[in-house]
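**Student:** Single-letter residue listing:
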Amino acid sequence: MNHLLQNILAFTLLFLALGFLVKKFFWKNSKPTKDIGKHDCDNCH
Amino acid sequence: MSKQINVALIGNPNTGKTSVFNSLTGLNQKVGNYPGITVEKKEGICKLPRGVKAHIIDLPGTYSLNASSLDENVVIELLLNKNDKDFPDVAVVVSDVENLKRNLLLFTQIKDLEIPTVLVINMSDRMKYKGISLDIPYLESQLQTKIALVSTRKNEGIDNLKTLISNYKELSITPCLNASEIDKEYFDNLRKAFPNQLLYKLWLVITQDVNFGKTDRNEIDAVADFKTKTKADLKRLQQKETIKRYQFINNTLKKGQTIDLSTAKDLRIKLDRILTHKIWGYAIFLVILLTIFQAIYDWSAIPMDFIDSSFASLSEWTKNSLPEGAFTSLLAEGIIPGLGGIVIFIPQIAFLFLFISVLEESGYMSRVVFLMDRGMRRFGLSGKSVVPLISGTACAIPAIMATRNIESWKERLITILVTPFTTCSARLPVYLIIISLVIPEGRFLGLGYQALTLMLLYLIGFGAALISAMILNKVLKIKSKSFFVVEMPNYKLPLIKNVALTVVEKTKSFVFGAGKIILAISIVLWFLASYGPGEEFNNAEEIVTEKFASKHLTEEELQNEIASQKLEYSFIGLTGRAIEPAIRPLGYDWKIGIAIVSSFAAREVFVGTLATIYSVGSDEEETIKNRMAGEVNPILGGPLFNFASGISLLLFYAFAMQCMSTLAIVKRETNSWKWPILQLVLMSVFAYVVAFIAFQILI
Ligand SMILES: Nc1nc2c(ncn2[C@@H]2O[C@H](COP(=O)(O)OP(=O)(O)OP(=O)(O)O)[C@@H](O)[C@H]2O)c(=O)[nH]1
Ligand SMILES: [Mg+2]
Numbered sequence: 001m002n003h004l005l006q007n008i009l010a011f012t013l014l015f016l017a018l019g020f021l022v023k024k025f026f027w028k029n030s031k032p033t034k035d036i037g038k039h040d041c042d043n044c045h
Numbered sequence: 001m002s003k004q005i006n007v008a009l010i011g012n013p014n015t016g017k018t019s020v021f022n023s024l025t026g027l028n029q030k031v032g033n034y035p036g037i038t039v040e041k042k043e044g045i046c047k048l049p050r051g052v053k054a055h056i057i058d059l060p061g062t063y064s065l066n067a068s069s070l071d072e073n074v075v076i077e078l079l080l081n082k083n084d085k086d087f088p089d090v091a092v093v094v095s096d097v098e099n100l101k102r103n104l105l106l107f108t109q110i111k112d113l114e115i116p117t118v119l120v121i122n123m124s125d126r127m128k129y130k131g132i133s134l135d136i137p138y139l140e141s142q143l144q145t146k147i148a149l150v151s152t153r154k155n156e157g158i159d160n161l162k163t164l165i166s167n168y169k170e171l172s173i174t175p176c177l178n179a180s181e182i183d184k185e186y187f188d189n190l191r192k193a194f195p196n197q198l199l200y201k202l203w204l205v206i207t208q209d210v211n212f213g214k215t216d217r218n219e220i221d222a223v224a225d226f227k228t229k230t231k232a233d234l235k236r237l238q239q240k241e242t243i244k245r246y247q248f249i250n251n252t253l254k255k256g257q258t259i260d261l262s263t264a265k266d267l268r269i270k271l272d273r274i275l276t277h278k279i280w281g282y283a284i285f286l287v288i289l290l291t292i293f294q295a296i297y298d299w300s301a302i303p304m305d306f307i308d309s310s311f312a313s314l315s316e317w318t319k320n321s322l323p324e325g326a327f328t329s330l331l332a333e334g335i336i337p338g339l340g341g342i343v344i345f346i347p348q349i350a351f352l353f354l355f356i357s358v359l360e361e362s363g364y365m366s367r368v369v370f371l372m373d374r375g376m377r378r379f380g381l382s383g384k385s386v387v388p389l390i391s392g393t394a395c396a397i398p399a400i401m402a403t404r405n406i407e408s409w410k411e412r413l414i415t416i417l418v419t420p421f422t423t424c425s426a427r428l429p430v431y432l433i434i435i436s437l438v439i440p441e442g443r444f445l446g447l448g449y450q451a452l453t454l455m456l457l458y459l460i461g462f463g464a465a466l467i468s469a470m471i472l473n474k475v476l477k478i479k480s481k482s483f484f485v486v487e488m489p490n491y492k493l494p495l496i497k498n499v500a501l502t503v504v505e506k507t508k509s510f511v512f513g514a515g516k517i518i519l520a521i522s523i524v525l526w527f528l529a530s531y532g533p534g535e536e537f538n539n540a541e542e543i544v545t546e547k548f549a550s551k552h553l554t555e556e557e558l559q560n561e562i563a564s565q566k567l568e569y570s571f572i573g574l575t576g577r578a579i580e581p582a583i584r585p586l587g588y589d590w591k592i593g594i595a596i597v598s599s600f601a602a603r604e605v606f607v608g609t610l611a612t613i614y615s616v617g618s619d620e621e622e623t624i625k626n627r628m629a630g631e632v633n634p635i636l637g638g639p640l641f642n643f644a645s646g647i648s649l650l651l652f653y654a655f656a657m658q659c660m661s662t663l664a665i666v667k668r669e670t671n672s673w674k675w676p677i678l679q680l681v682l683m684s685v686f687a688y689v690v691a692f693i694a695f696q697i698l699i
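Which chain is which? The protein sequence lines are A and B, in order.
Per full-length UniProt numbering, the first sequence starts with residue 1, numbered consecutively.
Per full-length UniProt numbering, the second sequence starts with residue 1, numbered consecutively.
In short, the hints are calculated from the structure, not lab data.
Keep in mind that a hint or two might mislead.
Stated by the list, open to error - Distance windows between CB atoms, simulated:
#1 A/Phe15 to B/Leu476: 44 to 52 Å
#2 B/Lys231 to A/Phe25: 39 to 47 Å
#3 A/Lys23 to B/Glu621: 31 to 39 Å
#4 A/Phe25 to B/Ser310: 27 to 35 Å
#5 A/Lys23 to B/Tyr282: 41 to 49 Å
#6 B/Arg577 to A/Phe25: 43 to 51 Å
#7 A/Lys23 to B/Ser310: 41 to 49 Å
#8 A/Lys23 to B/Ala193: 50 to 58 Å
#9 A/Phe25 to B/Thr318: 27 to 35 Å
#10 B/Thr575 to A/Phe15: 15 to 23 Å
#11 B/His277 to A/Lys23: 51 to 59 Å
#12 A/Lys23 to B/Arg577: 53 to 61 Å
Every residue gets a Cβ at the ideal spot worked out from N, C-alpha and C, and that includes glycine.
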């Protein structure tokens, strides 16, 4: 196997890995759940 | 013909809803022997007789339809909103044969919403221990429903339940309690104002809004404005409703249920007396903890060494048998060591979850909750905070979600903020490897120093959580009051299937969840460590050869010098050395610095990162542990991982907030960036300071 092929394979993996990490940590469009934070149950009792 | 009906599983906490759900759908949702396991809707499909498909929804446990916490609210919102796509065609109320009276309160409320309702009386296998017998036909006629006597444990009654569900059209929808009985005048007015609506539903909407503020239910929105009574009056009516319902239930059970106390075994009472004893209770808990940590060590040593050396050989083999080149190096120096850094911890993770799930399933964990509740209040937490704190030993994410059943917002917020201090399973790998390097192997009274250190770290985690809770309780200006009723489930022999499932699930999610991240990071790190800018990297061979020309190094020594010169001037070496001044006072070198930085993605990455960095350019076959043990402190000399730097590193990992996923969940649960950022900054600064002090004292 020649060096070119080795490099191609290695860099493909690099881009897959980078893509995965970026998607995992920066792409996550966290959908806001409704009103959980503001709600205060203390008035219920 | 293929039509689908919606079936909602509703019931008090810990009655076995999720077990029934799993039996019906064949899925494996988490089951545990304490209340509050399920906090979100879970869905699945079940095939019923005659080709009908049922869409089954498992819901969080709720004591009544007068919700006081968020997870309970999920149930009510669903039942009040006919437009919800999950609105049930049939409600299956799951009750527990030993707590029938309390369970039926919720049943009567749901029945009054005129939703076809099947009553499941679960845990029928417990009847003979408790001397309970039931007159099912009588109960069916009084409650005007169909009853399925089920034992998910013995797998009995599930087929009957499926038949009852598929015949849901035959169920009576007559209410149990006439709403006007609560307060004739008020309800007559209500009926006049909204003649087309179901009276009990109106009443729920009104009380719901009292409890929770308005939510969008456009359908019968106007009801909320029907305010002829003050809040206090409405509360009084709610109480009256509960009393009326219990009167009805008592009457029904008087004839329908007989309990022969002489056959009931009171083993439980005796056990409880010891396990929740003021002194013995804690002593037993401590002994159990010690046993667990010792066992994790003793049992996993052999598989761990085996895995470690297998990966080292695999790396070596790859390097020797594949043609030389970038890809081969990436495999041998990046991917394989990185994967080894995950796989090596499978034994411990599996044992940890084995113990946790046995404790949960047997019912012992609830006794711990009860035991801890006594002390919790002092720290501004509620007894309910114990569950998240304890389940945080697995992972902070489900633990933070489990806080949804805490009613008081202040207590809930505090619990969310301090839960990441509990030692999660991601810290375990880091602890284990560092402990094995810096803590001697000797034993004291049969207990290994290493196991004791590990237990100490767990206790430090809990301690940090409690103390910061106390501080937060003082600092946060939120008004709060709450009460806590611990419910103690029965002792049960853990079901091997449930335990095995938990172990397999958790281990799998460790390997595949963290594994993907670790793998990706190893790949990136390998590149950063194998390439570099500038002269020093590209001409490393010449520079080093020239430098050592007079020293007569062997070929091997020369190669090692070249490799370390390259690593030092690679991208990662340059970055590492840029941050080195910040971490040197803690006793770390730049390689550990890189491992710490990458750990902010997820803590488990630590070992894999070091494995990758140490492997790059190295020719020997070596295990991760030996490589770490062989590192030399560049400034002070001596092993890099010594007692001082080891303890400092352990403490840093104990306190630092290094988990992006947890931060994301905290953001979601608190609906603001303020809290996760505060958490990240405060915890990490604290970790830094403690690690600094520890190193400076011990050095
Ligand atoms: N003896 C016996 N135990 C059962 C049976 N069904 C469930 N359990 C046990 O009861 C406990 C609670 O079960 P879950 O299915 O988690 O209960 P749940 O209603 O979903 O609980 P939450 O989600 O916390 O509200 C577990 O320990 C189960 O193993 C049964 O038929 N017989
Ligand atoms: Mg459940």
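**Student:** In ascending order, which of the hints set out earlier in this document are inconsistent with the structure?
**Tutor:** 6, 7, 12
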